[in-house]
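Asker: Residue numbers (our numbering), protein chains in the order written: chain A, 935 to 1280; chain B, 0 to 258.
Hints are supplied without guarantee of correctness; some may be wrong.
Calculated pairs, DSSO-like style, for lysine-lysine (alpha carbon to alpha carbon, straight line, at most 30 angstroms) [claimed, not checked]:
#	chain 1	residue 1	chain 2	residue 2
1	A	K963	A	K1067
2	A	K1067	B	K91
3	A	K1028	B	K250
4	A	K950	B	K97
5	B	K91	A	K955
6	B	K97	A	K1028
7	A	K1088	B	K175
8	A	K1048	B	K175
9	A	K950	B	K91
10	A	K955	A	K1088
11	B	K250	A	K955
12	B	K175	A	K1009
13	A	K1039	B	K175
14	A	K1042	B	K175
15	A	K1036	A	K1161
16	A	K1203	A	K1239
17	A	K1036	B	K97
Treat the hints as calculated values from the structure; they're not laboratory data.
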Amino acid sequence: MTYVDLKDIRVSYDGKNNILKDLNLSIEKGELVSLLGPSGCGKTTTLRVIAGLIEPNDGDFVVDNKNLTRVPVHKRNFGMVFQSYALFPHLTVKENVGFGLKLRKEDKTTMNPKIQDILEVTGLAELGDRYPKQLSGGQRQRVALARALVIEPKLLLLDEPLSNLDAKLRVQMRIEIKRIQRKLGITSVFVTHDQEECFSISDRVAVMNNGIIEQFDTPEEIYNRPKTEFVARFIGFENFFNLTKQGEKTYTTSEGHMLKTSQSWDDTKLVATIRPDDINILPKGTEQDTNMIPGKVVVRTFLGKSYQYEVETNVGKILVNGPKETAYSSGEELLLQFPEEKLILV
Amino acid sequence: MRKQRGLSIISMLVFAFLIIPMIIIVVTSFGENPSIQFPIQGFTFDWYLNVFETNSLIQSFFLSIQISMIATILALLVGIPAAYALARYSVKGRDILKSFFLSPAMIPGVVIGYALFQFIVIQFQMPIFQGLLLGHFLISLPYIIRVVGSSLEQLDFSIEEVAWTLGCTRVRAFVKIVLPNIQAGIFASFMLAFINSFNNIPVSQFLSGPGVTALPTSLMNYIEYNYDPTVSALSVLLMVGTVILMYIIEKTLGLASIS
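Using the sequences and the hints, build the whole thing.
Answerer: Put into structure tokens, the structure is as follows:
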């Protein structure tokens, strides 16, 4: 059942250019949804519309069947974690965490146990009396999270919360966030530009570009079957070429090579894409079959776990990763085989 | 090494150049001779007693304190919200507004004094005290806006937004979150504006009237008629006052916060 619903949200700062264009997004209760996209795609704007920090020009924002579009930010009861953590520098960890409860006029007897509980859940029990400047980056992150969670928010909003941490801590914290989110069963929206981070943490991912959602799916679906060229490029598909439809699941390249696919769309002209890892390299002289295109190695680079080749073919330059065991040198001719289940049509 | 020695000699000279006049003033305030003389003959505290016995000086001292205090507080009440608006929102014509607010600091004091005299005293017939207050309010405002503005520019406004999400209204978030974090800037701007207002001559000169004279104006009047070490003694007292004030700032906030 839909818990959070954004309907035809449009945001424009100057009345001419739309930052968000009729954006629709439905989130289920208890889900962790990520907004993924390059900078300027509108993901942070979407989060700020949800938080109530930006009022949309058009559209409705509904949570739990209540229309909150015009409800001011301080009455929404959402917890938010900012990229800079935004801890109050003049307050201790306890005071930071208790800030929201104090505003709710809770008395000390109910407030203190709640603060203590959340400090324990976030692993901060020993640090209650410290000031933010006495904490490490990871600890600040936890305080920000604890402060957002202790008010028992209807929604948890996270704006690139891990981007200021070093790589090791980032992995640790994202597992932590996921664990706490699961434990409390809180519906969450997570903004990030890092696809690995986003895939590892999310139930579903909305890939955004230019103020619209290009694809909203599970991480597996997005990784294996991107629906648009933008999504494919963003998540690491490198090779794109044009195809013409010949029949059900049968296509030809511009040079007449026959390709079979596992997907089929109604369009007669479309673009096929495949990851460098998914192409098989066969030596020259292998019997030519469907899904094979001949080519010539232009550049070879060593990637550590494999070699990457730039191969000149009659559908354009194709990037291929090949095993370390057999190295082809530049100028060598070979056959590229595109497995039909790995060939994606966008 | 030689270069550094050269530099330290230069800084010693500069320091001497700054400190010697003050030493001379301090020394002359103890001289027995009724005109200011250096070096002095004899030693007396009479001029210090005389400061407290000269009514016009004492009166204008308290008037100056009063005017500068009220004007600076008014300027804080207006200047802090103005600085906040300038730092926080992309107000249309923000740069023009910024320069406009700072313009009193760039226009010669005499011109401001004269313009205020023309309008406040001649055109609107405002009472002298209120006129003087208004003038000092105007010359204090730029200091407040500039100094508070620069501490606001260093503030991460996401702490304010977080406070909103936690249930704070805008006013409450401003009072509970923004103000405590620009405290040092507010205090510094207060000190700067207060000292500047207290020392100001041009504006006070134009806006004086019977019984309403700021201290610097009184001092000038006094010098015109009596060239005696009372002036030195008063200056020494003011210096001591300032040093004590600075010591308190240093102890509570650290001098770094106002420079």
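Asker: Next step is simple, just say for each hint if it's right about the structure.
Answerer: Outcome of the hint check:
Restraint check for K963 of chain A and K1067 of chain A: not satisfied, since their Cα atoms lie roughly 36 angstroms apart, outside the 30 angstroms limit. Restraint check for K1067 of chain A and K91 of chain B: the C-alpha separation of about 36 angstroms exceeds 30 angstroms, so the hint is violated. A C-alpha spacing of about 28 angstroms is found between K1028 of chain A and K250 of chain B, which places the hinted pair at or below 30 angstroms, so the restraint holds. Of the pairs offered as hints, the one joining K950 of chain A and K97 of chain B holds, with about 28 angstroms between alpha carbons and a cut-off of 30 angstroms not exceeded.
Pair hint K91 of chain B plus K955 of chain A holds up; C-alpha atoms about 26 angstroms apart against a cutoff of 30 angstroms. Restraint check: the Cα-Cα separation between K97 of chain B and K1028 of chain A comes to about 39 angstroms, which exceeds 30 angstroms; the hinted pair is violated. A C-alpha spacing of about 24 angstroms is found between K1088 of chain A and K175 of chain B, which places the hinted pair at or below 30 angstroms, so the restraint holds. Annotation: proposed proximity of K1048 of chain A to K175 of chain B holds, straight-line Cα distance about 22 angstroms (limit 30 angstroms).
Note on K950 of chain A and K91 of chain B: the hinted pairing holds, with a Cα-Cα distance of about 17 angstroms set against a maximum of 30 angstroms. Distance check on the hinted pair: K955 of chain A and K1088 of chain A sit about 26 angstroms apart at the alpha-carbon level, within 30 angstroms; holds. The suggested pairing of K250 of chain B with K955 of chain A is violated, with an alpha-carbon distance near 56 angstroms, which exceeds 30 angstroms. Restraint check: the Cα-Cα separation between K175 of chain B and K1009 of chain A comes to about 18 angstroms, which is no more than 30 angstroms; the hinted pair holds.
This hinted pair checks out: K1039 of chain A and K175 of chain B have alpha carbons roughly 15 angstroms apart, not beyond 30 angstroms. For the hint pairing K1042 of chain A with K175 of chain B, the CA-to-CA distance comes to about 19 angstroms; that is within 30 angstroms, so the pair holds. Distance hint between K1036 of chain A and K1161 of chain A is unfulfilled; the C-alpha atoms sit about 47 angstroms from each other, more than 30 angstroms. About 36 angstroms separates the Cα atoms of K1203 of chain A and K1239 of chain A, which puts this hinted pair outside 30 angstroms; it is violated.
Using a Cα cut-off of 30 angstroms, the hinted pair K1036 of chain A and K97 of chain B is violated, with the two alpha carbons roughly 37 angstroms apart.
Violated hints, listed in ascending order, are 1, 2, 6, 11, 15, 16 and 17; each of the other numbered hints is respected by the structure.
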